[in-house]
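*Asks:* Protein chains in written order, with the numbering used here: chain C, 16 to 423; chain H, 16 to 423; chain X, 16 to 423; chain D, 29 to 143; chain G, 29 to 143; chain U, 29 to 143.
These are computed hints drawn from the structure, not numbers from a lab. Be careful, since some hints might not be right.
Claimed, not checked - Quick look at which bits of chain X chain H covers, simulated, 3 or more residues with Cβ under 8 angstroms:
no., segment
1, 16–28
2, 222–232
Said to hold, decoys possible - Pairwise CB distance ranges, derived in the manner of DEER restraints:
no., chain 1, residue 1, chain 2, residue 2, range
3, U, Gly139, G, Ala99, 17 to 23 angstroms
4, H, Gly322, C, Ile392, 43 to 49 angstroms
5, H, Asp355, X, Thr350, 34 to 40 angstroms
From the three backbone atoms N, C-alpha and C, an ideal C-beta is built for every residue, glycine too.
Here is how the chains run, residue by residue.
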Amino acid sequence: MLDTGDTAFVLVSSAMVMLMTPGLALFYGGMVRAKNVLSMLLQNFFLLGVASVVWALVGYSLAFGTDAFGGLIGNLDHIGLTGVGQEPTEGSTIPHLAFMIFQAMFAIITPALVTGALAERAKFGALMLFFVIWQIFIYSPAAHWVWGPDGWIGSKLGALDFAGGTVVHILSASTAAALIVIVGPRIGNQEQAMPPHSLPLTVLGAGLLWFGWFGFNAGSALAANGLAASAFVVTHLAAAAATVAWVAAEWLHQGRPTMLGGASGCIAGLVAITPAAGFVGPMPALIIGLLAGLACYGGILLKNKLGYDDSLDVIGIHGIGGTLGAILTGVFATTAVNPDGADGLFSGNPGLVGAQIVAVLATIAFGFLGSLVLGFIVHKTIGLRVSPDHEIIGLDKTEHAESGYDML
Amino acid sequence: MLDTGDTAFVLVSSAMVMLMTPGLALFYGGMVRAKNVLSMLLQNFFLLGVASVVWALVGYSLAFGTDAFGGLIGNLDHIGLTGVGQEPTEGSTIPHLAFMIFQAMFAIITPALVTGALAERAKFGALMLFFVIWQIFIYSPAAHWVWGPDGWIGSKLGALDFAGGTVVHILSASTAAALIVIVGPRIGNQEQAMPPHSLPLTVLGAGLLWFGWFGFNAGSALAANGLAASAFVVTHLAAAAATVAWVAAEWLHQGRPTMLGGASGCIAGLVAITPAAGFVGPMPALIIGLLAGLACYGGILLKNKLGYDDSLDVIGIHGIGGTLGAILTGVFATTAVNPDGADGLFSGNPGLVGAQIVAVLATIAFGFLGSLVLGFIVHKTIGLRVSPDHEIIGLDKTEHAESGYDML
Amino acid sequence: MLDTGDTAFVLVSSAMVMLMTPGLALFYGGMVRAKNVLSMLLQNFFLLGVASVVWALVGYSLAFGTDAFGGLIGNLDHIGLTGVGQEPTEGSTIPHLAFMIFQAMFAIITPALVTGALAERAKFGALMLFFVIWQIFIYSPAAHWVWGPDGWIGSKLGALDFAGGTVVHILSASTAAALIVIVGPRIGNQEQAMPPHSLPLTVLGAGLLWFGWFGFNAGSALAANGLAASAFVVTHLAAAAATVAWVAAEWLHQGRPTMLGGASGCIAGLVAITPAAGFVGPMPALIIGLLAGLACYGGILLKNKLGYDDSLDVIGIHGIGGTLGAILTGVFATTAVNPDGADGLFSGNPGLVGAQIVAVLATIAFGFLGSLVLGFIVHKTIGLRVSPDHEIIGLDKTEHAESGYDML
Amino acid sequence: MKDVTRVEAIVRPPKLDDVRNALNEAGIHGMSVTEIRGCGRQKGFTERYRGSEYTINLLHKVKVEVVVDDAQVEAVVAAIIDAAQTGEVGDGKIFLSPVSDTIRIRTGERGPDAL
Amino acid sequence: MKDVTRVEAIVRPPKLDDVRNALNEAGIHGMSVTEIRGCGRQKGFTERYRGSEYTINLLHKVKVEVVVDDAQVEAVVAAIIDAAQTGEVGDGKIFLSPVSDTIRIRTGERGPDAL
Amino acid sequence: MKDVTRVEAIVRPPKLDDVRNALNEAGIHGMSVTEIRGCGRQKGFTERYRGSEYTINLLHKVKVEVVVDDAQVEAVVAAIIDAAQTGEVGDGKIFLSPVSDTIRIRTGERGPDAL
Ligand SMILES: Nc1ncnc2c1ncn2[C@@H]1O[C@H](COP(=O)(O)OP(=O)(O)O)[C@@H](O)[C@H]1O
Ligand SMILES: Nc1ncnc2c1ncn2[C@@H]1O[C@H](COP(=O)(O)OP(=O)(O)O)[C@@H](O)[C@H]1O
Ligand SMILES: Nc1ncnc2c1ncn2[C@@H]1O[C@H](COP(=O)(O)OP(=O)(O)O)[C@@H](O)[C@H]1O
């Protein structure tokens with residue numbers, strides 16, 4: 016039966032998750048050089064459009080339709096949102112449409128996260144085309160595995176992923192890795208400083224992301240109940256601890272606490288708590304956040320060592336943070352928080368850690384290899400990268416015939 | 016009886032709609048030249064103040080008081096919010112005060128929309144004075160017609176306007192048209208490029224508007240139910256489709272997909288779905304969005320042809336989008352979505368299209384002629400336009416004794 | 016018993032209050048010179064981290080634990096959030112965790128408000144350390160006094176403070192005053208203009224603050240009911256009236272309406288209505304807003320006269336606005352709005368004004384003297400102020416090794 | 029080789045387009061433009077910031093630099109005056125100064141041909 | 029007509045106000061100011077960006093240009109040195125160079141009178 | 029004392045780092061850099077704004093100024109050409125002009141030693 020409180024909560028949460036994509040656009044946009052700010056913004060903003068349309072037409076059905084084949088993909092019953100109505104589905108207290116649109120926001124932001132890895136060199140049209148195909152062949156199946164009816168990871172393997180540690184963060188990072196392999200580094204990578212052009216934009220974006228993440232994680236309870244409150248609290252505490260941890264780490268390691276460190280730290284914590292949000296208590300959340308801040312800071316140092324060009328650190332933050340969070344979910348999960356979840360290592364069930372690792376590895380493999388194939392096809396046909404000339408002049412002028420700022 | 020879920024939803028929706036006005040300020044502010052950014056921001060921000068005060072004192076009563084005269088205007092029973100209390104009115108599940116403040120946000124943003132048409136040349140004081148009079152004589156009656164008790168459009172004519180296609184968008188565009196006639200074009204219009212000074216601000220504004228629009232449209236269900244979820248979904252899908260459509264159109268037509276096109280497109284879609292939000296299903300919403308994106312892009316090209324100076328395209332987006340949406344509501348509406356609505360053309364009732372057209376024409380006529388009269392009075396007495404000197408130096412310095420930026 | 020509507024409302028309100036801190040960061044960040052923008056942002060952003068962690072570990076227990084000693088401080092029962100669970104506490108309809116996290120957001124923003132007073136000269140590390148100690152020794156007791164079980168101000172004295180006029184605003188202002196005494200004015204204060212570097216950032220911040228304040232004040236009803244709607248409405252109207260009042264005052268007094276005046280005015284109104292939000296009706300709210308706009312504008316002129324360097328006017332706005340609001344609560348409060356409140360002067364109970372004044376004075380004294388002691392200890396050990404060299408070069412480069420903008 | 033001169037004109041920002049057009053009409057296509065701030069006889073603006081007033085004495089100006097053949101100098105000066113003059117205080121100045129050599133980076137050409 | 033000189037001083041941004049005041053006291057009211065970046069002996073700042081360090085060698089400086097009578101040059105130079113000197117590396121330079129003519133756009137006046 | 033010269037090079041912004049490095053290798057460490065906009069033979073960009081097209085003729089350029097001993101001028105010019113040349117229209121110009129004196133603000137030193 017429909018519950019108005021739950022419905023209010025999920026609808027507002029959907030709106031908050033929607034706001035994360037513009038938030039992410041600004042977060043990323045502030046970090047690129049001024050000549051590429053609009054390209055960064057448009058890649059994200061356009062996904063709000065195109066990924067939503069594809070989701071309504073086909074993605075939702077593939078992800079959340081009745082299982083079509085061995086827990087791997089949904090059927091086509093909900094194509095064009097057929098049968099997705101105002102009534103709750105069985106066992107739910109919110110309109111089916113509310114659930115669908117909440118999930119749509121996840122299908123938007125996941126590819127949006129990827130754009131950071133290819134910043135300042137990706138060709139707009141080709142990248143958008145890639146994401147359309149990718150939603151159908153990579154994202155929707157992966158979502159089905161974890162959250163879909165009879166999905167093999169969620170229902171059979173019994174791995175836990177409350178709000179998208181694997182589906183959103185690990186998948187976006189492994190996709191990013193594949194595209195980085197295909198597209199290669201920016202001209203001047205590691206030779207020349209490419210400092211952020213406007214950190215206030217980035218901070219604004221981080222603030223909106225943190226805000227929206229409450230919808231992302233607490234909203235994943237799909238009800239306004241004690242579990243939602245718990246997910247809300249652990250989300251906040253993990254973000255807080257990670258902010259402190261990252262800033263403290265760089266302060267000790269490099270001598271200065273930075274604003275970009277604070278903004279990056281909170282995202283690291285939010286990423287890591289995502290899979291765990293509905294399964295762990297507040298003190299484990301502080302530990303998860305702390306470890307995420309440290310681990311992702313380490314991930315970024317590692318990138319600088321290894322030299323690949325993950326421009327805005329999708330792997331370092333979403334890959335490392337997501338993996339850490341998924342595994343720590345296996346460590347800290349307890350049915351005392353969520354009777355529908357499972358107990359983890361510290362509650363006497365080491366098996367859950369194993370299931371979590373399988374889920375992580377499967378997602379990495381699928382995301383990386385699948386994107387490698389799709390990416391190569393797109394790259395070899397229309398090309399995923401702009402010409403060196405255009406890259407040097409900047410994508411705003413060359414790809415979009417605009418300038419971010421005109422102060423003269 | 017009061018329902019906490021519904022109340023939570025309408026209060027949060029009100030807050031979200033409130034945020035649209037700062038969002039709009041930034042959306043517009045980014046598009047003007049740097050020397051006028053504060054004037055644009057203050058015109059919107061000050062309306063948050065003055066339009067709210069006028070609404071509480073008299074506007075709400077005129078719009079939503081018991082009909083005083085032939086469906087044209089409400090009575091004065093609620094002057095100073097007398098009789099507007101914490102209890103729900105009959106048949107409602109939310110506090111009367113919650114309904115009042117939700118409506119207040121509409122009475123703020125409607126004049127705020129108009130400011131874009133007069134950007135970079137309107138005199139602050141005169142414009143604000145105009146809007147005070149205008150709320151009383153134009154906005155409140157028009158709102159009464161459509162949503163007020165026994166209003167002639169909503170109750171007698173039977174035209175549908177879920178969240179303000181006529182009251183908000185067509186009214187603001189027709190007011191804008193009247194003021195453009197009175198105030199005339201900017202110095203240098205069509206001779207000299209006047210590119211946006213900061214598109215990131217505009218994108219931020221568009222993101223906040225999209226977010227707030229969920230409150231605007233879904234909140235107009237005044238309950239957290241299936242209809243709210245439906246309105247939420249169609250709002251999002253129309254915005255998404257229009258974003259894609261506008262960007263695609265300019266890409267084909269002018270060779271480049273632009274960020275400003277994406278930001279403009281989503282607003283076009285949001286405008287067009289506004290009257291339809293509670294009456295149509297998701298696939299019609301995609302069509303409405305698609306057509307809105309194309310039509311409003313066309314509207315903007317037309318302006319450039321005709322040469323009148325609707326600086327930030329209030330007519331092109333809110334006029335054309337609002338009119339299109341109102342008529343398409345007549346085409347796609349179905350009682351399958353909302354039993355309290357009506358069937359439209361495609362559900363076998365062509366009469367609804369007629370009613371919609373009458374509602375549109377009445378609103379255009381009233382908004383345009385009424386604003387022409389009020390505008391002339393203000394213009395002839397204190398003048399709606401700054402001096403050419405001040406216009407050239409910029410309104411921030413001359414009208415407000417401030418500068419938007421000081422980076423030295 | 017848990018109510019989903021109330022829970023949805025309080026969780027969303029918590030998210031909205033969380034967003035106020037990034038909003039405040041931008042509000043303040045826009046007002047400083049470009050060379051100090053990141054230092055301003057990080058001081059606020061880092062508090063989102065560290066103040067949350069301290070709150071979960073110990074602050075919440077001290078503030079809201081069972082009274083330990085004469086209404087002055089809570090006990091340690093909730094250390095590390097022990098016993099703070101998903102179930103509502105007795106008499107409540109929301110999860111205990113939801114209440115805890117809602118309160119956490121207040122414990123974050125209160126110190127964040129203080130940072131404005133020390134803008135452009137405070138040493139990051141020392142200031143953060145100060146705030147950690149301060150939360151434990153000053154904020155948590157003060158919150159306990161007003162809202163804690165058997166707190167002496169709220170339960171014994173019977174003073175009213177709906178959402179934090181004393182605990183948040185007066186406490187932050189009196190802390191600011193103490194730190195100003197310790198730290199002293201900026202180099203060049205009153206000799207040299209230090210205009211805001213980006214007013215659009217400030218306006219954005221003001222918009223987010225206004226939005227979040229609905230969560231702050233209406234959320235303080237801890238339920239989605241008529242009282243919440245009433246608190247929402249009076250919050251909006253006071254902000255609106257104060258915006259108009261401030262702008263009008265400076266227009267008459269200095270010849271120009273300014274954007275910064277509008278943004279400052281709304282904050283003044285929001286501050287003043289905070290203690291009164293759950294106790295007064297809409298027309299008193301308009302009066303409170305009006306007086307707050309005028310009084311805080313006066314407060315700012317006074318500062319310019321007296322010459323102390325409260326850089327971003329924490330005393331002028333939060334001190335004066337909070338005090339005015341607390342006293343006017345004693346004037347306008349009525350049990351007609353809130354039967355659990357009290358009647359004030361105009362409802363025949365002049366005694367309430369007395370109680371309000373005692374509460375104000377106690378908070379000022381405690382905040383000022385307590386912060387003076389703690390501040391001196393920190394200042395004499397590690398120093399609360401950067402070197403003159405660093406101050407001149409700017410804190411972004413010297414304290415954080417970053418630049419806000421890089422447009423080259 | 030002393031046959032080229034730098035003409036440096038400080039003008040009001042809104043006049044920039046007119047000056048550019050006037051120079052184009054005078055056959056001059058190459059130029060460099062810098063945003064500067066200037067003070068002189070023109071009164072500054074009084075701005076306000078939370079009740080405190082301060083005067084912005086450094087006003088936005090635009091500097092247009094053209095290096096031209098000596099033969100063209102007078103035509104250039106006349107074109108600029110024509111385009112930038114409003115007659116109000118604050119119209120700006122033109123400074124002429126010697127340039128001893130000119131090189132086109134693209135080709136390495138030197139002297140007046142490099143312009 | 030070779031009696032005016034351009035005095036171009038590159039100074040630290042926080043010294044701009046002092047320099048302007050010193051020039052005003054020396055009777056010079058007209059000047060033009062440009063934001064520039066400079067490098068020289070002064071060490072740059074090391075900034076950080078997600079774990080990578082880079083040195084900003086181009087430091088913010090301000091260029092003050094005054095075109096004055098030759099007779100005033102030494103006074104102007106002295107005033108600038110006085111106002112802008114801190115004694116630390118990075119104080120900046122003053123360059124003097126010839127100006128062959130000056131025109132006031134407002135009136136068309138030429139020569140030293142146009143200053 | 030006429031032994032120092034101002035070398036003013038207008039180059040493409042992405043070449044700035046290369047130019048700085050080339051100058052450093054040529055033993056020149058002091059320089060000043062200004063963001064400017066230039067037009068010349070290089071075609072502008074067409075930008076779009078809600079359906080209207082306009083051409084940005086003023087393109088971003090960077091001006092590098094070095095004041096050096098006359099003896100170093102040719103080496104400096106060669107280094108700049110080498111670093112900034114792409115061979116495409118829009119590479120920019122170098123202008124040489126006389127400097128009559130140089131002062132180091134920090135010490136008051138004058139002449140070539142002040143560089
Ligand atoms: N002596 C000077 N040296 C350099 N620039 C000057 C000088 N005098 C004026 N300027 C520049 O010319 C601009 C206009 O000068 P001003 O005295 O205000 O008006 P006008 O040129 O009409 O007399 C100033 O803002 C400044 O940029
Ligand atoms: N040879 C030069 N040509 C042009 N500008 C120079 C030159 N040398 C120094 N400058 C400018 O002067 C500024 C200060 O020079 P620097 O060597 O750091 O200190 P100081 O002048 O105290 O010796 C530089 O940042 C640069 O802008
Ligand atoms: N006569 C001139 N005076 C001043 N600056 C010039 C002149 N001609 C060109 N420039 C500057 O040089 C830049 C490059 O010139 P351009 O003609 O486009 O290419 P190229 O130098 O390769 O022939 C211009 O953008 C402008 O900044």
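*Asks:* Is the listed coverage of the segment 16–28 of chain X by chain H valid when you require three or more residues with a beta carbon under 8 angstroms from a beta carbon of that chain?
*Replies:* holds (count 7)
*Asks:* State, for the Cβ atoms of Gly139 of chain U and Ala99 of chain G, whether the hinted interval 17 to 23 angstroms holds or is violated.
*Replies:* 21 angstroms, holds
*Asks:* Lying within 34 to 40 angstroms: is that true of the beta-carbon distance Asp355 of chain H to Thr350 of chain X?
*Replies:* Because 38 angstroms falls inside the window, the suggested range holds.
*Asks:* State, for the Cβ atoms of Gly322 of chain H and Ile392 of chain C, whether the hinted interval 43 to 49 angstroms holds or is violated.
*Replies:* With a Cβ separation near 47 angstroms, Gly322 of chain H and Ile392 of chain C satisfy 43 to 49 angstroms, so the hint holds.
*Asks:* Closer than 8 angstroms, Cβ to Cβ, for at least three residues: run that test on the segment 222–232 of chain X against chain H and report holds or violated.
*Replies:* holds (count 6)
The structure fails none of the hints (numbered hints given earlier).
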